[in-house]
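Note that the protein sequences, when read in sequence, are chains H and C.
Quick note: the first sequence, position 342, residue 342 per my numbering, numbers continuous.
Quick note: the second sequence, position 85, residue 85 per my numbering, numbers continuous.
Derived from the structure by calculation, the hints contain no laboratory data.
Just so we're clear, the structure is a prediction, and the values are computed from it rather than from any experiment.
Be careful, since some hints might not be right.
Lysine to any residue pairs mimicking SDA-like chemistry, simulated, CA-CA at most 25 Å apart [stated by the list, open to error]:
#1 C/Lys114 x C/Phe31
#2 H/Lys14 x H/Lys210
#3 H/Lys348 x C/Glu46
#4 H/Lys237 x H/Glu279
#5 H/Lys237 x C/Glu46
#6 H/Lys322 x C/Glu35
#7 H/Lys18 x C/Gln122
#8 H/Lys323 x C/Lys114
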Amino acid sequence: MAELKRTSLYPVYKDEAKLVPFGGWELPVQFSGIKREHEAVREKAGLFDVSHMGEIEVIGPDAFALVQRLTTNNVEKAVPGQAQYTAMCYPDGGTVDDLLVYRKGETSFLLVVNAANIEKDLEWIEKHAVGNVEVRNISKETAQLALQGPLSVSVLQKLTETNLAEIKPFRFRESVELSGVSGLVSRTGYTGEDGFEIYLPAEDAPSLWKSILEAGEALGVIPCGLGARDTLRFEAKLALYGNELSASVSPVEAGIGFAVKLDKGEFIGREVLARQKEEGAPRKLVGLEMIGRGIPRSNYSVYRGEEEVGVVTSGTQSPTLKKNVGLALIQRELAELGQELDVEIRGKRVVAKIVPTPFYKRSS
Amino acid sequence: MNLPKEFRYSDEHEWVKQEGGNKVRIGITDFAQSELGDIVFVELPEVGDELEANSPFGSVESVKTVSELYAPVSGKVVEINEDLEDSPENVNTAPYEGGWMVVVEMTDDAGLEKLMDADKYQAMVSED
Numbered sequence: 001m002a003e004l005k006r007t008s009l010y011p012v013y014k015d016e017a018k019l020v021p022f023g024g025w026e027l028p029v030q031f032s033g034i035k036r037e038h039e040a041v042r043e044k045a046g047l048f049d050v051s052h053m054g055e056i057e058v059i060g061p062d063a064f065a066l067v068q069r070l071t072t073n074n075v076e077k078a079v080p081g082q083a084q085y086t087a088m089c090y091p092d093g094g095t096v097d098d099l100l101v102y103r104k105g106e107t108s109f110l111l112v113v114n115a116a117n118i119e120k121d122l123e124w125i126e127k128h129a130v131g132n133v134e135v136r137n138i139s140k141e142t143a144q145l146a147l148q149g150p151l152s153v154s155v156l157q158k159l160t161e162t163n164l165a166e167i168k169p170f171r172f173r174e175s176v177e178l179s180g181v182s183g184l185v186s187r188t189g190y191t192g193e194d195g196f197e198i199y200l201p202a203e204d205a206p207s208l209w210k211s212i213l214e215a216g217e218a219l220g221v222i223p224c225g226l227g228a229r230d231t232l233r234f235e236a237k238l239a240l241y242g243n244e245l246s247a248s249v250s251p252v253e254a255g256i257g258f259a260v261k262l263d264k265g266e267f268i269g270r271e272v273l274a275r276q277k278e279e280g281a282p283r284k285l286v287g288l289e290m291i292g293r294g295i296p297r298s299n300y301s302v303y304r305g306e307e308e309v310g311v312v313t314s315g316t317q318s319p320t321l322k323k324n325v326g327l328a329l330i331q332r333e334l335a336e337l338g339q340e341l342d343v344e345i346r347g348k349r350v351v352a353k354i355v356p357t358p359f360y361k362r363s364s
Numbered sequence: 001m002n003l004p005k006e007f008r009y010s011d012e013h014e015w016v017k018q019e020g021g022n023k024v025r026i027g028i029t030d031f032a033q034s035e036l037g038d039i040v041f042v043e044l045p046e047v048g049d050e051l052e053a054n055s056p057f058g059s060v061e062s063v064k065t066v067s068e069l070y071a072p073v074s075g076k077v078v079e080i081n082e083d084l085e086d087s088p089e090n091v092n093t094a095p096y097e098g099g100w101m102v103v104v105e106m107t108d109d110a111g112l113e114k115l116m117d118a119d120k121y122q123a124m125v126s127e128d
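Extracted from the complex, chain H is given alone in its bound form (with noise of 0.2 Å):
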C-alpha cells in the first residue's frame, strides 16, 4: 500500500485523535466522540483539519470562458469576492466533482474540489483549456481549517480586526490576518450550520489551529473529526461524492439540480442534464427513514417487492433527530413522500418510508 499522506496538522494532533485512512490520507476521524463532535458543531462550534481537500487556481484571460464551459452553475453571476456551489460533468450528465468556485477578479478563480478527485480533475480541466489560462495546483502547499457553528463568528473576530460578520454567507476575503497568520477566510461550510473556511499556507496551519481551539475553549469549541463532518454534512442533506455523487449520476438526479442552470449557454453537460430538467431523471435522491429496525448504510439495496428499485447513498442514526434514516436513489415514479420501500439489510428485508429532506435545517 501506497504511503498515506498527512497534513500538516498531523503533528498536532496524532495523539489524541483517532486516525484512520481515507482517500489516500491518514486523517482524524474523531477526537472526543461523533456524537459530542456532533452536537458542539449544532450548538457551539467545532474545528476541523480539511487541509486534504484539492485547491487549484485557474488564472488568466480565457479563465472565466474556460470555468464557465467546465461547471453547471453560472460563473457570471459569481461577482470578485463570491464563492458558488457547482459541479463539472461529463457529456453524458454524469459528474466528474462537487466542487466551489471563489472568483477572486475578473480572471482569477480558485476551485475548491474534493481530494480523492484532484488528479482526475486537474486532468479535466487541463484537457478542456484553451488560449491564454494558466492551470495551477497548489494543493500541497495550502492547508483549510473549518470552524463551523454558531459560535463560529463570536470565536473567530476574536482572533483579527477584520469585521467578520461583513462576510456574508458565499463571501469571502483575502489576506485576513487572524492571530499573526494570514488567509482566504470564506463564510461557507460542510454542515448545514454558520461557519468559516479558512485556506492558508500549510506552515501556518497548526499556529492557528491551536489559536482557534484556545479563543474557544471556553465557549466549548472542540477539534472534530471525519466522522461527524460526514454525520453533520448528511443530516443536512449537502452531497457526497464517491457517495450521492459519482461518474454515472448526474447533479440533477442528486438533488443539486439548483446548481445547474441552463440558462448561461453552452457548458460541458448541458443537452442530457437539460433533458433530465425538463422530462425529470430516471432517479431520484429522496430520504428514508426506517420503519423497522435497522440502519440504512450506502450501497444498500431498496426494493418494492421483489423489484429492486435503488440504493442507499449515505446513511446512519441522525445524531441530531436520533432516528435511523438514509438517503437513496430511486426510481423516479416512486419518489413520493410516503411511499413505503424495503431495505435489505444483511439479507433481511427491513421496511421504511420516504419523508421530507433535509433531515436538518438551521432555524435562524
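Given the coordinates of chain H, assemble chain C onto it according to the supplied hints.
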C-alpha cells in the same frame, strides 16, 4: 485497558463469562467498544436460536460503521439483553456489565478451551 481476569476472550473481541452449569454470558470487550466509537444499534439473535462458534450471530453499529458479532462458543441462546434495543450506548459505558449481549447454554464446554485468557488477549490487542 479494562480486562476482567476471570473472563475468557475471543480473537473477534468478545468476552465470555462463565455463569455456572454450561451457561456463559457474552459481550464485546472494552477495546472493541472503544474502537467502534458511539454505538447506536445492536442486533441480537432470538432466545432459542442456535449459535455456532466463529459464525456471525448479530451486529453492532456505531455512527460510522457496522461490525459483525461472532459467536465465541456453540450453543443455544437462553437470554438476550433487551435493554440494548433502547440503550445501545450501554455497550460503550459498561461493556462488561450493562452492555452484555446474550447468555448461551453451551453444547459442551470444550469451546472455552480455545479462548484466550486476559493476558493473552491483552498481548494480541497490543500487537495490532
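Now for the hints, and whether the structure bears them out:
{"no.": "1", "hint": "C/Lys114 x C/Phe31", "verdict": "holds, 20 Å"}
{"no.": "2", "hint": "H/Lys14 x H/Lys210", "verdict": "holds, 14 Å"}
{"no.": "3", "hint": "H/Lys348 x C/Glu46", "verdict": "holds, 15 Å"}
{"no.": "4", "hint": "H/Lys237 x H/Glu279", "verdict": "holds, 24 Å"}
{"no.": "5", "hint": "H/Lys237 x C/Glu46", "verdict": "violated, 36 Å"}
{"no.": "6", "hint": "H/Lys322 x C/Glu35", "verdict": "holds, 21 Å"}
{"no.": "7", "hint": "H/Lys18 x C/Gln122", "verdict": "holds, 20 Å"}
{"no.": "8", "hint": "H/Lys323 x C/Lys114", "verdict": "violated, 40 Å"}
Checked against the numbered hints given earlier, this structure breaks hints 5 and 8; the rest are met.
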